[in-house]
Amino acid sequence: MYARSVKGQTLHFAVSGLLWEMSLVMIDRETRSLWSHLLGEAMRGPLQGEQLATVPSIMTDWQTWRTRYPGTTAAVMPRTTQDYRRDLHLEGSGFVIGLAGNGQSRAWRFTELRLHRVVNDRFAGQAVVVIFDDTSGTAVIHGRTVDDRELTFRWNEGRLIDRETGSEWDPITATALSGPMKGKELLRQDGVVSLDQAWMIFHPESTLWQPPPSPREEPPTT
Amino acid sequence: MSIPSTRIIRTATGAVACVAAVVAIVMGIVAFQDWQLRRQIASGTPYEPLGPDNPPSAASFHPGRAVEEMPPITEIEIVSAEEVGGRIEDDELVIGVAIDGEARAYPLNVLTGPEREIFNDHLAGRPIAATW
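Going down the list, the sequences are from chains Y and A. Quick note on numbering: the first sequence equals residues 177 to 398 in this note's numbering. Quick note on numbering: the second sequence equals residues 56 to 187 in this note's numbering.
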């Protein structure tokens, strides 16, 4: 999900018909610059070097989204495929969720997230939490610092709790539902769901989270 | 290459024929190289694959043509959740965005395919692109 404003100009993006390592290359109508979809960067043309700002988004199932955001609208159009359903994230292989920025990147594999379901981690100096919701197959990444305080999260009988205050949090809306933190919000991160191979090709410097030997909770990485 | 021979080149028509032959050969070589290049491009193979020694950059950007260019999608039917009905089923994956109190979902099953892939939209007054 990208913001379409670049240097004060609103761009309209189209499929260029080109692929770069099997990845979509976009073209903008206004300048005909070519953009890497995965990098969000103009690779050719008058805007070469420009980086699109991202808008935080979540990949989840429709049921989860519409129940969390009852006032939501939706884009409707005839389907081109039937394949993309929650089972893909619950059972399919090869998916990662990743963070990238300032020349750094890190990825967490779905196969491991399904087992561990919450990872208290760090990226680019920031404390983040990677959460897997195993009813919807949603992977999501949020910052875990609230009011200058780092929280550590765990699942307890289907509820996401922070150890420091015992507050319950909704991983989808990143909001505390009850407890001392009620009403507080975690800062959404731009977690990108991608195929493992595609991520490593476009982020060759990426680190990969290594789960601890035991599938139980692990202490936060320093 | 020994051309048999000087006898042929002596005549004007012979000279023209010889030049024509050379041109044809050169053009044949050029056509063959062009065909090789086209085939390489059509296969989507970059001149050097991306990897740790060849990270993605403007210098390593070598796209291949897969399909023709598509027009930008700017007209999208947007409905409320109540109006969706069976057009999006509960287990279908969507990209969900929430900006300034406004939320919208884009189903992956409609974003897939070269004629889709990018939706130019607005949400909470901000121009955004849903891409897949």
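None of these hints come from the bench; they were simulated from the model. None of the values given here were measured: they were computed from a predicted structure. Careful, some of the hints might be misleading.
Claimed, not checked - On the chain A side, residues computed to face chain Y include the following (Cβ under 7 Å):
hint: 1; residue: Phe116
hint: 2; residue: Pro127
hint: 3; residue: Ile133
Glycine included, every Cβ here is placed at the ideal spot set by N, Cα and C.
Verification of the supplied hints:
1. A distance limit of 7 Å between C-beta atoms decides the matter here; for Phe116 of chain A the minimum to chain Y is near 4 Å, and the interface restraint holds.
2. With a cut of 7 Å, the hint placing Pro127 of chain A at the interface with chain Y holds, because the nearest CB-to-CB distance is about 4 Å.
3. About 5 Å separates the beta-carbon of Ile133 of chain A from the nearest beta-carbon of chain Y, less than 7 Å, and the hint is met.
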